[in-house]
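Engineer: In case you want the letters, here they are:
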Amino acid sequence: MNPLVVPDLGLVVWTTVAFAFLFFILAKFAWKPIMAAIGERERSIEDALLKAEAAKEEMSRLTNENESLIKQARAERDLILSEARKAKDQIVSDAKELAHKEGARMIELARVEINNQKAIALADVKNQVATLSLEIAEKILRKQFEDQQQQNELVSQLLKEVKL
Amino acid sequence: MDFRPVLNSKKITLGIVLSVFSLFVSVKAFALQEKSPAEPATETKEEAKFDPTETIMEHISDSHYFHIGGKLAMPLPVILYTDKGLEVFMSSVFEEGEKIHEGKYHKYALIHDKIKAVTGEDKTEDTTAKVFDLSITKNVASLLMSVFLLLLVFLSVASTYKKRVGKAPKGLQSFLEPVILFVRDEIALPNIGYKYVRFMPLLLTVFFFILINNLIGLVPFFPGGSNLTGNIAVTMVLAVITLLVVNINGNKHYWAHIFVPSSVPVWLWPLWWVVEILGIFSKPFALMIRLFANITAGHIIVLSLISLIFVFKSVAIAPVSVAFVVFMDVLELLVAMLQAFIFTLLTALFIGTAIEEHHH
Numbered sequence: 011m012n013p014l015v016v017p018d019l020g021l022v023v024w025t026t027v028a029f030a031f032l033f034f035i036l037a038k039f040a041w042k043p044i045m046a047a048i049g050e051r052e053r054s055i056e057d058a059l060l061k062a063e064a065a066k067e068e069m070s071r072l073t074n075e076n077e078s079l080i081k082q083a084r085a086e087r088d089l090i091l092s093e094a095r096k097a098k099d100q101i102v103s104d105a106k107e108l109a110h111k112e113g114a115r116m117i118e119l120a121r122v123e124i125n126n127q128k129a130i131a132l133a134d135v136k137n138q139v140a141t142l143s144l145e146i147a148e149k150i151l152r153k154q155f156e157d158q159q160q161q162n163e164l165v166s167q168l169l170k171e172v173k174l
Numbered sequence: 017m018d019f020r021p022v023l024n025s026k027k028i029t030l031g032i033v034l035s036v037f038s039l040f041v042s043v044k045a046f047a048l049q050e051k052s053p054a055e056p057a058t059e060t061k062e063e064a065k066f067d068p069t070e071t072i073m074e075h076i077s078d079s080h081y082f083h084i085g086g087k088l089a090m091p092l093p094v095i096l097y098t099d100k101g102l103e104v105f106m107s108s109v110f111e112e113g114e115k116i117h118e119g120k121y122h123k124y125a126l127i128h129d130k131i132k133a134v135t136g137e138d139k140t141e142d143t144t145a146k147v148f149d150l151s152i153t154k155n156v157a158s159l160l161m162s163v164f165l166l167l168l169v170f171l172s173v174a175s176t177y178k179k180r181v182g183k184a185p186k187g188l189q190s191f192l193e194p195v196i197l198f199v200r201d202e203i204a205l206p207n208i209g210y211k212y213v214r215f216m217p218l219l220l221t222v223f224f225f226i227l228i229n230n231l232i233g234l235v236p237f238f239p240g241g242s243n244l245t246g247n248i249a250v251t252m253v254l255a256v257i258t259l260l261v262v263n264i265n266g267n268k269h270y271w272a273h274i275f276v277p278s279s280v281p282v283w284l285w286p287l288w289w290v291v292e293i294l295g296i297f298s299k300p301f302a303l304m305i306r307l308f309a310n311i312t313a314g315h316i317i318v319l320s321l322i323s324l325i326f327v328f329k330s331v332a333i334a335p336v337s338v339a340f341v342v343f344m345d346v347l348e349l350l351v352a353m354l355q356a357f358i359f360t361l362l363t364a365l366f367i368g369t370a371i372e373e374h375h376h
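So the sequence lines, in the order shown, correspond to chains E and Z. Per my numbering, the first sequence starts with residue 11, numbered consecutively. Per my numbering, the second sequence starts with residue 17, numbered consecutively.
When the alpha-carbon atoms are kept at most 20 Å apart in a straight line, the in silico SDA-like pairs for lysine to any residue are as follows: (1) Z:Lys146 <-> Z:Ile127; (2) E:Lys42 <-> Z:Leu166; (3) Z:Lys87 <-> Z:Phe237; (4) Z:Lys179 <-> E:Arg53; (5) E:Lys42 <-> Z:Lys178; (6) Z:Lys179 <-> E:Glu50; (7) E:Lys38 <-> Z:Ser172; (8) Z:Lys139 <-> Z:Ile127; (9) Z:Lys132 <-> E:Met11; (10) E:Lys42 <-> Z:Ser175; (11) E:Lys38 <-> Z:Arg200; (12) E:Lys42 <-> Z:Phe198; (13) E:Lys38 <-> Z:Pro217; (14) E:Lys42 <-> Z:Val195; (15) Z:Lys87 <-> Z:Phe238.
What follows is a list of derived Cβ distance ranges for each label pair: (16) E:Ala46 <-> Z:Leu349: 30 to 36 Å; (17) Z:Leu349 <-> E:Glu68: 48 to 54 Å; (18) Z:Leu365 <-> E:Glu77: 53 to 59 Å; (19) Z:Phe164 <-> E:Lys61: 41 to 47 Å; (20) E:Ala46 <-> Z:Leu294: 39 to 45 Å; (21) E:Gly49 <-> Z:Val235: 31 to 37 Å.
Calculated Cβ distances over 12 Å to all of chain Z for the following chain E residues: (22) Lys66; (23) Asn74; (24) Ser78; (25) Lys81; (26) Glu86; (27) Gln100; (28) Leu108; (29) Ala114; (30) Leu119; (31) Glu123; (32) Glu148; (33) Lys149; (34) Glu163; (35) Ser166.
Just so you know, the hints here were simulated from the structure itself, not pulled from any lab data. Note that beta-carbon positions come from the ideal geometry of N, C-alpha and C, so glycine has one too.
Given these sequences and hints, build the entire structure.
Structural biologist: This is the structure we're talking about:
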């Protein structure tokens, strides 16, 4: 048989011993920590990627939230502004109306007063005119009936007028 | 989705892998045939005729010397477990197989680079002595070096991982992490499924063990160049490990499929058992032969191309040889990774079928 294909027992023993030794040392002190470290790193990388993805989502969520907040704030501001404008208009128109009413009332009062004063003044004037007329009439009458004859004539005339 | 192109490219890659593999199987058969006829070394007198077979066999087989270059070789320790006790001495005592060493219990000689107990000066084998050779040969030295290198590299990488928890990989760590992830995501996960974690240490060890030894085998000078993963003893141990792991972890579906196949008529069961039990052993056997043949074939081809220079006894052939050797070395680099990948992939596949939950 060709010596190449005849296993040499000494080498078989040495290979077995050397390989077993190599296997146990490497398995315990090399492959275990190496595989553990690789697995650990792969997990941490995956973790980091997931976290980055989550952060991105959180970011876009926050942006959306911010935008909606701004929109809301803007709407609220508009609402407040329009309400304020309305209130201002209300106040102005209220004030106008009040002023109007007050003016009218005062004018009315003034007119009544004026009328009153006028009436009083008129009454006064009437009294004076009456007194004056009486005095004038008295004076005229006195003047007319200074002679006797005229007095008789009037009496007779009046008597004629009386019809019995 | 863009999954289809990926799937297609995987299919294409697998196709290339298999075709390259089959190419190598045929090359290997050719290479083995080539060298079988001229086994005895022709030792004529002055200027012995160059025998490429001898040179190649010497380079790809195990040795008690670690050749550095020229006549320079590093002697290696010899450890013999004999029936009378343990003997330890350096291989330099044999003086390249010239001398017989008188040990404590027996006389030893180096015959065809194998240590044999002998009776006397004439190198006749002593059949009464039982000698078990546990020497640190070239392959064992290379094996221990690769184990040392692997421990050095991966323990330091592991400490980097501990130091830099959760950080990006750096240096050697960043060079090896893609390979580790490749073993996990392309070999373990798709073939074994969610239970892959338990088998990761084995798959990673097998992968890097084969890879580093394939690569050391490609280094053409001193500490490298050994044909460790092209040695049947080494691939046998690896294949037996696969065999044991697969069958120890086999669940009831796996064994039921072998012994009580519901879809097979009962009268065929004995034949089925024979086929299935053969299958249990043939799968790891194929692993053993595949790795051995691929790596050995690669070494043989490179050495044959270099031998051409000496066969033709001409420097003019050197550029051609070197060009082919460079091409082959690059191809061998691919094969080194490919074979580590295939061995690990098939181991994962066998484990996957053995622990699969639903059999059809």
